[in-house]
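Enquirer: Take a look at the letters that make up each chain.
There are 4 protein chains.
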Amino acid sequence: MSRTAFFQQLFESIADRGREVVGRVPAKPDGTGELAALGRALLSQRGEASAAALAQDLIAAYRKLDRPGRRRFFTFLGDELSPDPERVTEAAEAYRRDPSPEHLAALTRVAEPPRQELFRRMNMASGGTQTLVDLRVALIDELKDAPELRAVDQDLLHLFSSWFNRGFLTLERIDWRTAALILEKLIAYEAVHAIQGWDDLRRRLARDRRCFAFFHPALPDEPLIFVEVALTRGMAGSVQPLIDPDDQPGDPEQADSAIFYSISNCQTGLRGVSFGSFLIKQVAAELEEELPNLKTFATLSPVPGFRKWLEDVRMPVPKTGGSRPPGSELARITARLGDGAWQEDTAQLKELQAPLCSLCAHYLLNVKRDDGLPRDPVARFHLGNGARLERLNWQGDTSAKGIAQSAGIMVNYLYRLDQLERNHEAFVNRKQVKAGRSVVQLAHGAPLPEPLEHVT
Amino acid sequence: MSRTAFFQQLFESIADRGREVVGRVPAKPDGTGELAALGRALLSQRGEASAAALAQDLIAAYRKLDRPGRRRFFTFLGDELSPDPERVTEAAEAYRRDPSPEHLAALTRVAEPPRQELFRRMNMASGGTQTLVDLRVALIDELKDAPELRAVDQDLLHLFSSWFNRGFLTLERIDWRTAALILEKLIAYEAVHAIQGWDDLRRRLARDRRCFAFFHPALPDEPLIFVEVALTRGMAGSVQPLIDPDDQPGDPEQADSAIFYSISNCQTGLRGVSFGSFLIKQVAAELEEELPNLKTFATLSPVPGFRKWLEDVRMPVPKTGGSRPPGSELARITARLGDGAWQEDTAQLKELQAPLCSLCAHYLLNVKRDDGLPRDPVARFHLGNGARLERLNWQGDTSAKGIAQSAGIMVNYLYRLDQLERNHEAFVNRKQVKAGRSVVQLAHGAPLPEPLEHVT
Amino acid sequence: MSRTAFFQQLFESIADRGREVVGRVPAKPDGTGELAALGRALLSQRGEASAAALAQDLIAAYRKLDRPGRRRFFTFLGDELSPDPERVTEAAEAYRRDPSPEHLAALTRVAEPPRQELFRRMNMASGGTQTLVDLRVALIDELKDAPELRAVDQDLLHLFSSWFNRGFLTLERIDWRTAALILEKLIAYEAVHAIQGWDDLRRRLARDRRCFAFFHPALPDEPLIFVEVALTRGMAGSVQPLIDPDDQPGDPEQADSAIFYSISNCQTGLRGVSFGSFLIKQVAAELEEELPNLKTFATLSPVPGFRKWLEDVRMPVPKTGGSRPPGSELARITARLGDGAWQEDTAQLKELQAPLCSLCAHYLLNVKRDDGLPRDPVARFHLGNGARLERLNWQGDTSAKGIAQSAGIMVNYLYRLDQLERNHEAFVNRKQVKAGRSVVQLAHGAPLPEPLEHVT
Amino acid sequence: MSRTAFFQQLFESIADRGREVVGRVPAKPDGTGELAALGRALLSQRGEASAAALAQDLIAAYRKLDRPGRRRFFTFLGDELSPDPERVTEAAEAYRRDPSPEHLAALTRVAEPPRQELFRRMNMASGGTQTLVDLRVALIDELKDAPELRAVDQDLLHLFSSWFNRGFLTLERIDWRTAALILEKLIAYEAVHAIQGWDDLRRRLARDRRCFAFFHPALPDEPLIFVEVALTRGMAGSVQPLIDPDDQPGDPEQADSAIFYSISNCQTGLRGVSFGSFLIKQVAAELEEELPNLKTFATLSPVPGFRKWLEDVRMPVPKTGGSRPPGSELARITARLGDGAWQEDTAQLKELQAPLCSLCAHYLLNVKRDDGLPRDPVARFHLGNGARLERLNWQGDTSAKGIAQSAGIMVNYLYRLDQLERNHEAFVNRKQVKAGRSVVQLAHGAPLPEPLEHVT
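Protein chains in written order, with the numbering used here: chain A, 1 to 456; chain B, 457 to 912; chain C, 913 to 1368; chain D, 1369 to 1824.
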């Protein structure tokens, strides 16, 4: 049976299922009948006169669904459009006995969940890609209550990983010439340092800044991910001047550093498709080409898990059952952090700097997950890209969020294009974290209780 | 194991295989060492610092391969990067026992041939998509001698069907404002009525013509398929005036018919990905919008299998073992066709018109493949789109090719946008061929021997 | 002497003048030496190696001038770069005696102020056009104090009228896809109903609105003039709903009227170059093409001179020297307007409606300037375009500005494309004002004192 | 009287003249009545409802004129739309007595030929600029027979010099991505080394070539001037390899020289508006930016006047009345050139090289027009741009045209961007010709008769 004939049969089967779905679910009392429209769209596939036209109907019907309607549709996708394990077992067995191309093709065919082909067909419709991305947003929202839908989600992720392949993306510079339609999405999507309206945005796109985004041709109005870069003299250690709308723009020709101070994924529906690593490297390459005076490419990054870890480590259950001295230095420090007053008090700021920076360096260098990679997600991302943990900045982010997450500490990850590959290899294969000397020294002084390693 | 970890492992396995490949194949005596470069690219994946950079290396190495080198690479893809049947059987069994999302995910993962992921990674490189399309051209060329590579080809086709989904294509008008770079490809790719250089092309893009092509954003300089349309008064029945470079352009506002007289697929590497049906329908919709005076949308098409069928039917082995009368009219007619003289002789032309047109109508209406669909591929395509077999045109194509394939007969398939769906349904589900009355009547008079049905 | 040689000589003369200018004006004590830079630019014209390079220097020097420096430069343009009347008289005399092409060419050459050629040469520089437009803004600012510079201004206007000829402009639609760079200029330039930031702007560019602007290729980031249009059901009579940022957008397909509710010239430097008439007519034609459901094209316009005229007419000096009855109705009405309370008081609003609308209709229909054209500038503009004064709208603009200028009355001027030419002709040649019946009837009831005509 | 009122009156006068024109010229017997249409357009200006609409009519009527009709129109422009010398004299006199801005404005107004305003109004029509450029082509064609129309031509030139100001032009790269519509114009307009069809063109746009053109926004499909550049190793001395369609393209990254081997003005209608100097300098700047490896920017130019000068100098009338020795070397050389055989004969080629190259060097360096500038027009152009006469190339152009014009010699003019200004100044002010040492030495050896300077 050819692949086409197979899908022909599949679609008739979908239509049959569609009838059942419609039969099972009574028309809504308010008469909107969205699901019925969906059912009709599915049923009409029997004729399959025009795949694109039909896809259009299905898309339109889906868009009218309310939340319960969507949930029923997802359940249908998960229940009915999964592979048939009997047939897969048979096909695998046949292939094992005779590994011919025919047997392999048959195996591949029956093992692929039929909903993947349904998604591909829905994509033929105008606006299909956008609808499928939106569909996954809705699906992710259901996963908490319906973990059995994870298989559907995996199929969408698999498809999106293929469709949103780096080779299909375009890198575009965002500046004050960009369409307002796009710019307002930057305001909405900025996830690290919120943009306070159009004046703030304008400053972030001034001549001493750069902003780049990845786009996909099928979603021309939707940035997938974007990065904001400040061109500075020296490696910036504090984020507040960078996001101050009243700061005067400097001369980009005088800058020697490009500071990546914010990177935001825009599409919940593309969660799990990785763009950030490509984006940073390509933007660094672009900037190097545009401004030969740039010598340093580094981030100014938060340490989002630092204070959470401090909380976890403060009062561990002792391994041996013995009690830890309640008056340890670590406990004293963490106790003081809870009291917001310290950040307004110069003396306390000074007093806390050394122990907190040491603890943070330790956290970034030595605290790991079970797989041996750093516990901090931002560290994991940049170190995985081959960057180096270059410097800690005390009071680098004095915003409420910065204080709450990382006691105001920010970090520079340094991207040296000629060392990324080697660093990456050491990180992936040997779990080595490359760090600047100052960070390593800081970590040595961390006021830690003895059995600390058991709690990480 | 997560999908990412899985592929991590896969790539290390690829690298190991790469080493073997390199080890097995001695460096070429002329020192070009293309395969060695490929091997290094594969091997270096162990580090996988930068997937895109690595993909670039692999692409570059592939491009340097000579034909034997490519064959070795294809064999590597087919032998080493296929699913492991043992693991598939196990995963299928596990899924059968407990159809959980995790088991399904595991099954899907092991059943997908690893080369699909390799192709997706190669696509990350600049120029990756083009290289993969070229790679399939080379692969198709090997299939004759190496049918075992069909599974590799199936995977590429599967991937391309997903990537070149209708939703990702753009329809673009081609005219004299189009880049010469594109236009010269039209000259090269025209498959139906060859374009004789730039003057001929210019006539085909004059104001009473339209030409549209599908493009994919990753191949901006490569039309995937294009269609040529003539705007005429009345439904054109003869192609020679349409392709005469000296013909004077008419006024498009005066035309009432859009004649699709040539449709050419451009990319051998995308064989099996279907674009034509979408293209014709969308172009018809565009033209209807642009020129409301157009009332008729029809093709002027060849009947490429007609004379071949006549040859087959002339001397069938009688079913019953009895002998057919050697002097039958059909035999006389087909015998005369072999002698090229008839086409220059008005009397013969007149004499042959009725029987040949009748036979051709019969061929198109009644001669089927085993699956019940028409034997003629062009008929199958347009009828499958929901078009109607409207008219036969005697001496519609007097070129050598036209005479050789279809005794000079051309056919109009009529596209009535409001009937496409119904016709399509009848064709797919009930194998019905919609045809104009004149064609049906012609078919009744076909001078056929009795046991004809046995040979089709 | 060829034109080129003539200008060669001219430029040497300019350089000589430049030296004098520099000599006359001591270098600024703060050492900036802007004028010296200008002088050098002028002086270096002796070599004139590269006109474009030199123009660049001159432009750069001009941009550095402070206000006194610019004034000196303008004076130089006016004093030194005017035609020489002796030479003009001679050339005219020679041409009168012998009207040969040579004599005519000589006359044209000496009569054209040399600064026109200087401006053309300055325009060769990158950014030249923008600088010249800016220069005229600065010049206009000086005209109050230096009326002798009007001749320089006339030359710039003459040049700009030629360069910004309708044939060189492009009409562009402005919407939410437009660059922020352009959009922020709309906010800045809107002269009729101020735009209150980006949210307000966004509403004005929603799907039931249209905005178009003229651009010149040499000033791609500068709209020259733009018009805002609301697509409504029925001819809108009140502007507040149209500029309410919270108003819900309607369906443009359901609209039957296009209301031009704001038209703003953007460039002070192009004052006197007329764009508005072209813009309205072309936008009306565009909208008619895009939305065939539109039947009515009309403005919603202020009556900016109404209350000023009421003030003028309230207490005229009686023609005969006798006194007018102080208790006349007109006086009573105008007296009450001064007291802002009326607009909050329903009873007064009702009482004032009839007399004020009648007075306003009278003002628009019957009150003229010395040249016989309407006194109201907005009326003059639209009636001159061939529009018809269709309707008065009581309380059409309840903003402070609307109350202050026109007692809140707004007017619809109706653009019927098939009658514009006839109306225009009647207006220009016979000073006839085309008006709707309701407006004419309103005017009859105006409570006017007898000798009113003397004060208009 | 305002300028507007003035032109209002002017147009009424035009309309009156229009009536006369129509009255004077009987409708054409073939009933086409083009001129009548023109007359109606002119007459209807009395109403002047819509300047743009009217301009459209006038343009359309003009386009229908046959040659006699155009001639009548030109005569009308020249006779009726010239300044009135009486009024000019009066205005000049008034201005002389009182040089007020008002008197100057009045003078400028009456001295400008009214046809300039007519041309500006015609330009408002869609396609107006193109029509005016075409109009000048037709006018230039009439000038031979009607020298009195030169004043009309001067006005068009004056207007075009203003409209086609460098500041309004865009430089565009032409390559194989350019629209066929533009490319076919290159084939048509190439004036130096004819392009032999599309294959030849394609070679000239290959990767080791560059082609740039100036465009004006109002004529987007019409290149104004274009230059062809070859990227070579070493300064090319022979043009045949550069225009050989079968030559293999080199690597532009390896090139050290950019050879400007052809520059063609495209628009007869813009004759006298100078673009070439700007084009060469800007293209050189672009190339320097794109390819930093380029060190030499030079032309490979013909010496179009060389053999004509040789003819002139061969038999001068002796200054003193005495006779020149008929057997002089110069006479022998020139006599042999007439016999085409020499170019096929290696011995003769060798023998002639030294004297001809010396003569050519002398011609370029020392032979001047009355104004002291070089007699050779190509030399005048490049030296005037500040280029240096660098090298003579024997047998640089072996085409028939090359032999006929310059005995096959070609010249390199070297553009050193940092010396252009100084060279230009020396050339313009002191008539100095900058030349390479080898050229100067060559010139010393020229076999010239004594009284040669008298004949140049």
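Heads up, a few of these hints could be off.
[Said to hold, decoys possible] Subject to a maximum C-alpha distance of 25 Å in a straight line, what follows is the list of computed SDA-like cross-link-like pairs (lysine to any residue):
(1) D/1553 - B/637
(2) D/1553 - B/696
(3) D/1432 - B/508
(4) C/1097 - A/203
(5) A/281 - B/653
(6) A/431 - B/508
Don't read these hints as lab results, they were simulated from the structure.
Small disclaimer: the values here were computed from a predicted structure and weren't measured.
Enquirer: Tell me the numbers of any earlier hints that the structure contravenes, in ascending order.
Expert: Numbers 2, 3, 5, in rising order.
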